[in-house]
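Both chains come to you apart, so use the hints to assemble them.
Each chain, letter by letter, is given below.
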Amino acid sequence: MSATQPASTTGRIPSRTSGEEVIESEDRKQTHRIVYAIVENQRGVLHRISGMFRAKGFNITSISIGGTSSPDLARMTIVPKGDEDSLQLLVKQLQKMIDVIEVGIMTHSESVARELALVKFETHDYKGRNAILDLSNSLGARAVDIARDSIVVEFTATPERIEFFIIEASKSGVVKEIVRTGLTALKRGLQ
Amino acid sequence: VSKISGSKALIKSLQNEGANVLFGMPGGANLPIYDELYNSEIRHILVRHEQLAAHMADGFARVSRRPGVCLATSGPGATNLVTGIATAYMDSIPMVAITGQVATTSIGRDAFQECDIMGVASPVTKYAFQPLNPALIPDMVKKAFHIASTGRPGPVLIDIPKDIQTGEAEMEFSKNVNIRGYNPVVEPDPVQIEKAIELILNAERPMILAGGGVAIAGAFQELQALAEALMCPVATTFKGKGVFNETHPLALGPIGMHGHLEANRLILEADVLLAVGTRFSDRSTGKVSDFVPKTTVIHIDVDPSEINKNKKADLGIVGDVKASMRMMINSIVHRAQRGETQKWKKRFAEVKENCKNEWKIDMSKVSALSILKKLREVLPHDSLVTTEVGQCQMWASLHFDVIEPGTFYSSTGLGTMGFGFPAAVGAKVAAPNRPVLDIAGDGSFNMTEAALATSVLDNIPVIVVILNNTMLGMVAQWQRLFYQRRYNGVKLYGIPDFVKLAEAYRAQGLRVQSVDEFAKAVRLGLRSDVTTVIDIPISPEEDVFPFVVPGTALKDMVIA
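Residue numbers (the working numbering), protein chains in the order written: chain A, 1140 to 1330; chain B, 892 to 1451.
With the rest of the complex left out, here is chain B (with noise of 0.2 Å):
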């Protein structure tokens, strides 16, 4: 056997698993790797800076449902990186993050770019790995890749030194992996699932609450299977938003504190409660201890240590939701009908309807409402969608239904701005064929705007649709209500020119000022071979509502 250098060795186990795709960034201590890539088929995409790298790589993998990966060098380049990681981690998005590191013989001694960032990462990663000898890289990539993708999914990171990089040793490229400390559960008990069908079919009023662990386990069909099989309702987290078609009958949209109205309202008078893949997030729930207080709690997740963490779950169930909705759909296809529903059929049918014509949306007005309600009209219904955080990022989820599952990502978790862009350009990597478009404000979009570079340098189209406020809109809102509007640190007085700012980096840039212009935008951006970003100028004062203020329940929601 000969020997290989350990870069050539990450880059074969990279290849082994499928990882295609790498968004990063070269600087001293990753050189050998950027080497090694130079001759191979892995297609490198550079970004200007490391954030952006592990944004596009989650984007990537949210859509792929394969780990993203990115590359950064170490000390600033892998710092840069843990924002992104964080976004990865509180989402349960599989990543692999690779960094260069100083040469053992530096690391300890505060060398040139040293940082310590398996310890900085430790919080904010599933696993993390930094081998010291060559020969341990493809067995260390092969366990990252299995670690990051399975189980619940996160980010990974492999720290890598550059002595390590250039070193040879004789290679052996296993396929079997063996984690003695790692066997997520998949399967779950069926006596489990037994007790929670009888729990639901003799519910008179039973919900579901979808969150995002149905989109993790791409679990659409299931979730739609048994819905329909039970005709009950479902609620989603905003991570689960569009895991269920929101057009669908049985849709109420998202709970929490700019949840749908009828969402926070039905789940109230739900008396049976079947939750699949959520932690029961506190932007969810609201004040937990009034969530849903009498009603009988089921929760199924993949993550054990979920189970009563944050609500105490009358029957916990450890399994994969795909695994556990299909076994439930199958034993509920035997059974003779369930008990009488009709009367909560008629009343979630009705609230709903009275929900719908609580909402007044003028068309003729431009807003973040009528913006958002037109987009929907004009975005075909397999585009993938993603949004920045605050303002932007509720309106989004309240006003732009998803109908196509799975179709809509948001850092829902870590509340990331400037998120939302690079997942578009990852998302479109991953998705060349299908429109990307990504709904944000301007404090948002400002701060990864570098993406612009790889989006158009690299063939990458994506439309940007900018909510433009000239404001932080979410910290504005607050300072609003709960600060008597003594606004400080909120005003961006529409700088940069965002239209300048996209042509500056020889995008499209077009700035509309009708609901019509922008529906125009819209399809031009749609038929675009190159990033549109679309301006639209709104109300600097406009306020997301409904609104469950932080520390209340559900039951106290602000309408307006």
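Chain A with its partners taken away, still in its complex shape (with noise of 0.2 Å):
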């Protein structure tokens, strides 16, 4: 089964006549690049990351924090909203920050990009329960709490299947709760 194309697939319009400039969809300005920041792990530093980004009006779709191999160092996952211009003021300002030691930026195809969401239904019926169970199996989810009227589905893959995976199992069961990390990601391979 295939998860839902991102938006990002609309082509260009083309122009009408020639030398006239190409007007472009807001999805195609959009980049889908993803950012991630090794910081010191330390006080205020999501603090200050997150009032650069609000300071410099970046927009940010996701971020992500947690440990890495270091004790003294986090990895962060961002996502940005806006322009391939955009993306790389964001770096260079990511860049001047003395909490930041690294920062980079990834495509999808060059890594492995994943988030984790817990998603609660409410069922009331074995045949719901059992559409979100199968529904869950065959995409890699797993449900981890079931209760009387209620079931809580497990699920990491991409932001795309995610949703996909949303909007298929609430024809069987009515959303109650979701929670996303946001996306996080590595490059593939080693450099």
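If you are wondering where the hints come from, they were derived from the structure by calculation, not from laboratory data. It is possible that part of the hints are untrue.
What the hints assert, rightly or not - Far from chain B by the CB rule (all over 10 Å, computed), these chain A residues:
| hint | residue |
| --- | --- |
| 1 | H1186 |
| 2 | A1194 |
| 3 | S1203 |
| 4 | P1210 |
| 5 | I1240 |
| 6 | I1244 |
| 7 | L1257 |
| 8 | K1259 |
| 9 | H1263 |
| 10 | L1274 |
| 11 | A1286 |
| 12 | V1291 |
| 13 | G1321 |
Said to hold, decoys possible - Dumping the calculated DSS-like pairs for lysine-lysine here, alpha-carbon to alpha-carbon at most 30 Å:
| hint | chain 1 | residue 1 | chain 2 | residue 2 |
| --- | --- | --- | --- | --- |
| 14 | A | K1326 | B | K1178 |
| 15 | A | K1168 | B | K1202 |
| 16 | B | K1236 | A | K1231 |
| 17 | B | K1200 | A | K1195 |
Given the structure is predicted, the values throughout are model-derived calculations rather than measurements. Virtual Cβ for every residue (Gly too), placed ideally from N, Cα, C.
As structure tokens, then:
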């Protein structure tokens, strides 16, 4: 089963006359690259970085932060909102920050990118519950809590697959709560 | 190793950094530091409001090109510093601001005079430290000075809880500093520099745009050598005013909203623009999309995030402007003569001459223009000049030529009214043997006049020239031009009487009614060992022209 396609595949609208500026759709302007940053794992770092985003007017889709193999370093994965120029400015501002040790940009194809979602459904009959369990099994998600009239499914996948799962599963049960970690990503292979 | 207190470690660390002057005000949460200062050789200069301490440290730093240090207590003391810190941040001035904080056991409990100054100051500091263990203080101070003074300089805050000031620990004072996430690029890429030279030497109408970065790097000689080697005119930004002798035949003066006629006109004719140490601020460029749209722009800056931020560069070079210009000069020396530029030389000489003739200043009448022109005649070339913000500042930019590079200081980024006077006091502390003068307006001077107390009691004599139009003049000008003269909140009615005010602080107050009287008053001030305030009543409704109206381009400059 394939996940929903990201909206980015919409093509260029051809220009009417040659020489006229090509009109690009909003989606094409949106960068699809992911930024990671290795940062000092200390008090106030998240505040400084999120404060910089606010102060400089950068918007982001998600940010996730967690430990690394070194206890004094943390790793952030940032999915920026905006075009390629704004991505470049964001990266430069990150590089400028004293708590930031390393910044990199990844494309989806050169990286493994995953997000974890926990979704709680309200289910009143076996039919609905089984449909959600079947869907979960077929996508590689799993139920982590099953109560009398609810079920919690854990799904680690790309954001697009998670969205697909939620839309499909909501046909069989009422979505009560969703929690998502935001994207985390690593580059493929050793450079 | 014996243990010492956090306060003692702080003082020792400051001395290790060569910080021998500190501008500050005591309070409950920095008493242990003041007690240590009692025995130290650091010169403490008391202010009457913490904002003045920050501006004084700023003025001190601009002149000495070393971090200025200011000290305040927690809560309101710390927040009072913020305007001064933000001013320094916007103008990339090295500063170390030290604040007391409530004890670690009280943090987060809304204790008396508690304020999360780390959070407040975060967007206006290059970095902020809060030691939670006294043993961390030496390392943090070392790092603070390093961060403040290297790369693109800026203010750094050290917020020290009271129990950390009194707490004792074994201290290690290292000479080395290593911050793994902070390695500013200084040396430019020689390949990029060669590309830049190629572009300039092949240009027909090259021009240099010098920003404040030239002053920060102290690259005055390099700029002049480069301009002369290329025979290329030099415009500056307002922050860069005076980085190049403004009476030099190649000088055009500042561009921008109230830029010089010749600068705003000629920059539009340049085919290659070498921009050094500037961020292309909106006040310099006018509508940025119409700013030199067809010109090839080479942009050199020590801060990589400035390249392509406001203005797209055709060639961006990251590096210290001094090192970059040196590299360029060395390379040019070894080259054959450049292409034909006689036409361009003739052209800019002609434009300069025409623009000069456009200004007719009536020296028999008191006006901002005649006063500033006279001031240039009377004031020694090595004097240090600060300005306040508003019309007085723009008139200074237009009609006071800086001759010795690097002697003009203004709050150009944040535009902080009240900056000039305390900054002048700080400048005088850094250069006690030079005359220091603040070009002020009545509105601005009113904001930080309490620095008179410090200047008198600590024997820091400066001269303040108040162009007194009894108005918040720049706001009034905008209300005249854009709001149908509906004056609101701009009339100050000549209150206070600045002569009496000066006398109340035991300073010298003089009011002048003619240009000759003004010249005499300045000479008196230059000889005086006490601060002199010269009050000059001028017309309340004089406008600053030329004017590039906000939202329009340099080409739309309004002359009068």
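**Report entry** Whether A:K1259 stays farther than 10 Å from all C-beta atoms of chain B, as the label says
**Finding:** Correct as stated: the minimum Cβ-Cβ distance to chain B is 33 Å, above 10 Å.
Query raised in the report: Given the hint that B:K1236 pairs with A:K1231, does the C-alpha gap stay at or below 30 Å?
Result: Between B:K1236 and A:K1231 the Cα gap is close to 39 Å, so the pair fails against 30 Å, i.e. violated.
**Report entry** Agreement of A:K1326 and B:K1178 with the hint, judged by alpha carbon distance not exceeding 30 Å
**Finding:** violated, 41 Å
**Report entry** Non-interface claim for A:I1240 versus chain B (Cβ beyond 10 Å)
**Finding:** violated, 5 Å
Report task. Over 10 Å to the closest beta carbon of chain B is the bar; see if A:L1274 clears it. Result -> Given that every Cβ of chain B is farther than 10 Å from that of A:L1274, nearest at about 45 Å, it holds.
**Report entry** Minimum Cβ-Cβ distance from A:A1286 to chain B exceeds 10 Å
**Finding:** holds, 38 Å
Query raised in the report: Can we trust that A:I1244 is non-interface, i.e. its beta-carbon lies farther than 10 Å from all of chain B?
Result: holds, 15 Å
Query raised in the report: Going straight from one Cα to the other, do A:K1168 and B:K1202 come out at no more than 30 Å?
Result: holds, 20 Å
Report task. Evaluate the condition: distance from the CB of A:L1257 to the nearest CB of chain B exceeds 10 Å. Result -> holds, 31 Å
Requested in this report: Say whether it holds or is violated: A:S1203 keeps its Cβ farther than 10 Å from all Cβ of chain B.
Outcome: Non-interface label on A:S1203 holds, nearest chain B Cβ at 20 Å vs cutoff 10 Å.
**Report entry** Verdict on A:H1263 as a residue remote from chain B, using beta-carbon distances over 10 Å
**Finding:** The claim holds: A:H1263 sits with its nearest Cβ about 46 Å from chain B, beyond 10 Å.
Query raised in the report: Far enough from chain B: is every CB of that chain over 10 Å from the CB of A:H1186?
Result: violated, 7 Å
Consistency note: the structure conflicts with the earlier hints numbered 1, 2, 5, 14, 16.
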